[in-house]
Amino acid sequence: MVSPSRLHLPRAPARPGEAPDFSYLELSPAGAVGRPEVTAKARDIAPLALELVRVLDDRHDAVGPWHPHLDPGELQIGLRHMLLTRLYDERMQRTQRAGKISFYIRSLGEEAVSVAQCMALRPGDMLFPGYRNQGLHIARGLSLVDLMCQLLSNTRDMCKGRQLPVMYHSAAGRLFTISGNLATQFPQAVGWAMAAAIKGEDHIAATWIGEGSSAEADFHHALLFASVYQAPVLLNVVNNQWAISTFQANAGGEQRSFAARGPGYGIAGIRVDGNDFLAVHAVTQWAAERARTGSGPTLIELVTYRAAAHSTSDDPTRYRAKDDYLHWPLGDPIERLKQHLIKLGEWSEERHVAMTAELDAMIAASWKEAVTYGTLSDGPRLNPDLMFEDVFKEMPQHLQRQRALMRAEKG
Amino acid sequence: MAQMNMIQALNSAMDAMLQADPSVILMGEDIGYFGGVFRATEGLQRKHGEHRVIDTPIAEGAIIGAAIGMAVGGLRPVAEIQFADYIYPGFDQIVSELARLRYRSAGDFFAPVTIRTPCGGGIRGGQTHSQSPEGIFTHVSGIKVIMPSNPFDAKGLLITAIEDDDPVVFFEPKRLYNGPFDGDPNKAAIPWSTHPKGEVPEGIYRVPFGKADIVRSGSQVTIITYGTMVFVATLAAASLGVDAEIIDLRSLVPLDVDTICSSVKKTGRCVVAHEATRFSGFGAEILAIVQEECFWDLEAPIQRVAGWDTPYPHAFEWEYFPGPARVGAAIKAAMDPA
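From first to last, the protein sequence lines are chains V and U.
When you number the first sequence by numbering that gives the first Met the number 0, it's gap-free, plus one each residue, and the end is 410.
When you number the second sequence by numbering that gives the first Met the number 0, it's gap-free, plus one each residue, and the end is 337.
The hints are simulated quantities; they were obtained by calculation from the structure and are not laboratory data.
Certain hints may be false.
Computed cross-link-like contacts, DSBU-like style, restricted to lysine-lysine with a CA-CA straight-line distance of at most 30 angstroms [to be verified]:
no.: 1; chain 1: U; residue 1: 210; chain 2: U; residue 2: 196
no.: 2; chain 1: V; residue 1: 392; chain 2: V; residue 2: 198
no.: 3; chain 1: U; residue 1: 186; chain 2: U; residue 2: 331
no.: 4; chain 1: U; residue 1: 331; chain 2: U; residue 2: 196
no.: 5; chain 1: V; residue 1: 321; chain 2: U; residue 2: 46
no.: 6; chain 1: U; residue 1: 186; chain 2: V; residue 2: 409
no.: 7; chain 1: U; residue 1: 46; chain 2: V; residue 2: 99
no.: 8; chain 1: V; residue 1: 99; chain 2: V; residue 2: 342
no.: 9; chain 1: U; residue 1: 265; chain 2: U; residue 2: 186
no.: 10; chain 1: U; residue 1: 186; chain 2: U; residue 2: 264
no.: 11; chain 1: V; residue 1: 409; chain 2: U; residue 2: 331
no.: 12; chain 1: U; residue 1: 196; chain 2: U; residue 2: 265
no.: 13; chain 1: V; residue 1: 409; chain 2: V; residue 2: 159
no.: 14; chain 1: V; residue 1: 367; chain 2: V; residue 2: 159
no.: 15; chain 1: V; residue 1: 159; chain 2: U; residue 2: 186
Everything numeric in this text was worked out from a predicted model, so none of it was measured.
All chains should be built: construct the whole structure from the sequences, respecting the hints.
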């Protein structure tokens, strides 16, 4: 009844035991893509969705019309945030392996996405992150101790023990609470941007999603509303090529770029080298200016690579080629910015080593402090009564009763 | 017979059905090449082909919508939703479409879709990997709702589900995948190989829907439960030395009212236990039925044990989980009403 039919089944380019193969990737040379005016109409710039904006070339020089001409001090801050994100990830991964936290998600290889984008936005802009955007929290200046306490579900946990590790938030930092359900933040960010427009504010919203999650209906709803109301929002698709074990072709990236979903909805779509700090910054700044000045939303596809496992519960050696990240054509975002700064005479290997040591020490000191507020197994613990709070603003009678029963159960 | 854990038993059911019926296909996120995040479909794509074990995009609404179309087109799809917590993007397709297709077309169309999905807590999954939403689905007319508690039942019930011409939502208590779990997280894990229900036949066999399993016969109180709570209730009753009759419903829709009522009429006392939240939970339906059918035989108010009416918190997993202490308190209240 079921024949080996004409049904097309997308394949990953390389599975375990095979050589990494990135020949599918469509690249543009650094500096080759034109930079339209921020007032350009979406319909007039549709080809941007198929090209790849790159600024840093193979010799580590910044070239072309998208060169953002950032101050070297700004670039050093970007390098520092990215390095801190990576070292924090490494350390937290180890603490998970040591059983101190229950779960962790690294952003290895994708640090430029969150850091450069956050730096190109303003502090008043509202961010709706996914779960692999820790660089946003770091670039927005959240304290490492606060982030670690969330991972530990301890007495200083901003979520009061209710969320899985990495599901941070910061109302003051304008970082929306992260959901474990995929894509839900996309239409919410559009709504926030609509509210800003209704209120006549200059603030814009930005949100992030994986290319895999862009398959969810919420993604498409977000594009539709953003287009209809010309909401001041940046809709970012982080195309890191993998959704756990499924390759981006399986999410619809084989026939057309994810950025190209934008023009289909009447939204500017642009594809950018996600491992090129300068290109990501420039594209984000361009899109933010469009949003802020009434030229509407932009869908940005950031082409990058998920260098690590999906999470601490995942083992990518079961489904993709070994050491594939070493062959990724767009390199490593930290190394590329570092080499660019060295070429500018604004950085050195010695300074890099010193900064690594300084950040490592800061992470270690933060961890030492964070665990004094408790871990899942030792030290002070959150009061389980907290479980019943915040279900509603005021606790209804049935929850008060259940809280009393829970206390009695604990004896 | 072979020793299987629940994952292996489910895998074996799907393997046998793929082998026996060319219209059976599997679809879901990460289920093909990778074999599923819980490994339930491991090896099945390699064995049965990419056209029959299909990796889908992350789009539960599309998975269920497409499964309905495939089923109408003559296939018998088994869709995996990676966690029950992720089923809601497909909710409209289940409630408004899948459940009513036969009804609204006067029987001219139907969709034999099975939706498998892991549920329940106890794995430090936090509020988005721990939910037990079965009561949301039992409330919808037109879908069958199943939750096995052991490998033998899991395989037999899944085969029944796949062969059934009506849609089935098949909940798998993930804390039971590797072994029976009695609610005490500090005890060493017990594998299914030490449990009689870990003995599973290799080929095709069926466990019928609408037939509860009396896990333990007893005379003093009837405990009506399903899923992980079967083992929690067994431990709770044993530690109190109460001669409890423990009923594993297995099939919530259709429900085995006869087994429930004849047991309660015999014991005169009743405790209902589930892991899901209490308010408007499936337990309320059981209570209503027992009250309607067994009122004159009851010697004490019916007791209900459930998860608290809050989202499932990461840090307070065991304060939230309705463990042996909570079930024990309910048994005591049923035995000795104040």
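Hint check against the structure, violated hint numbers in rising order: Violated: hints 7, 8, 9 and 10.
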